[in-house]
Amino acid sequence: MIRTIAAAMSLLSVYVFSPVPSDWQPVGTGITSGVSGSALTASGGLLIVRDSKKSGENRAALVSFPGARVTPLTWVGPVPVDLEALAAVPGRPDEFVALASSGKGARISLRGNEVHVLREFAVPEVDDDDNYEGFALTVLGGRTVAAWADRGQDERSGRLIAAEVDIDRMTFGPVTSLTIRASYPQRDVRHISDIAITDSGEVLASSASDPGDEGPFDSSLYRSARISAEDGAVALRPIGEHQEIARYGGHKIEAVTCTTAHCDHRVLGTDDEAAGGAIRFD
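Letter by letter, the sequence shown follows residues 129 to 410 of the working numbering.
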């Protein structure tokens, strides 16, 4: 069970739950019921987005605790295609940024059982080969910083990108980037399938093996880089030697949500294609 314990002055809500890792809890069955991105809500639930592509398919849902009860939400505004990431906006309860694989996205707000589009945008410097699967927001040095990631594929490395962002306008400052390769999995690998940022600017990333709709899937979680905002500039620095945190067999992790400022506890979400989606407190 998740409950809010942060003071109102905190930029980020902090959530706690039993430190014992849980089993995977299903949040849908079938290929349109995976979790491609997630973020904590002001009430202690989990907002998830799905990579639906066709009209009438669910784009977002609310997972409530305890019990991982799933409530499909109505999307109000331009309907996105292939949402792959979601991040909570620091200091703005129930406001989020969702990003699609194309680099197009939306700043959205959660209102009851509806998600409302506040502003559409596109990330800068999109390459034709890019396929985005991660987006995160944080505040560093008094600046709101966005990080997003092209997943890469096998021999093509993933790319982690960062810039200062004006949340009201959803415009971005100068961009910096790093290429990233996961050491596991080694087959059919997407080097970055989601990202999260700790309060110290450390960027955690997940990687995933995706051989097709029936799997089998495998994933890992690792430390990928450090991000800073010093002297008016956003910088990314490699961690150094690959630092793997954990491996997860049988699931394709596409959502990593920190539940503590240090991200030593997390909610992981999966898009297991034909097998649907699941979440796990880690």
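Some clues are possibly wrong.
[As the list claims (entries may be wrong)] The calculated lysine to aspartate or glutamate pairs, modelled on EDC-like cross-linking and capped at a C-alpha distance of 16 Å, are:
hint	residue 1	residue 2
1	K232	D256
2	K181	D210
3	K181	E401
4	K181	D151
5	K181	D222
6	K232	D255
7	K182	D151
8	K182	D210
9	K232	D257
10	K232	E248
FYI, nobody ran anything at the bench for these hints, they're computed from the structure.
Evaluated hints:
1. K232 to D256: holds, 13 Å
2. K181 to D210: With a Cα-Cα distance of about 5 Å, the restraint between K181 and D210 holds, given a limit of 16 Å.
3. K181 to E401: Between K181 and E401 the Cα gap is close to 13 Å, so the pair holds against 16 Å.
4. K181 to D151: violated, 29 Å
5. K181 to D222: violated, 24 Å
6. K232 to D255: This hinted pair holds, its Cα atoms lying about 12 Å apart.
7. K182 to D151: The given pair, whose Cα atoms are some 31 Å apart, is violated under the 16 Å limit.
8. K182 to D210: holds, 9 Å
9. K232 to D257: Holds, because 14 Å separates the two Cα atoms, which is no more than 16 Å.
10. K232 to E248: holds, 8 Å
In summary, the structure is inconsistent with hints 4, 5 and 7 from the numbered list given earlier, while agreeing with the others.
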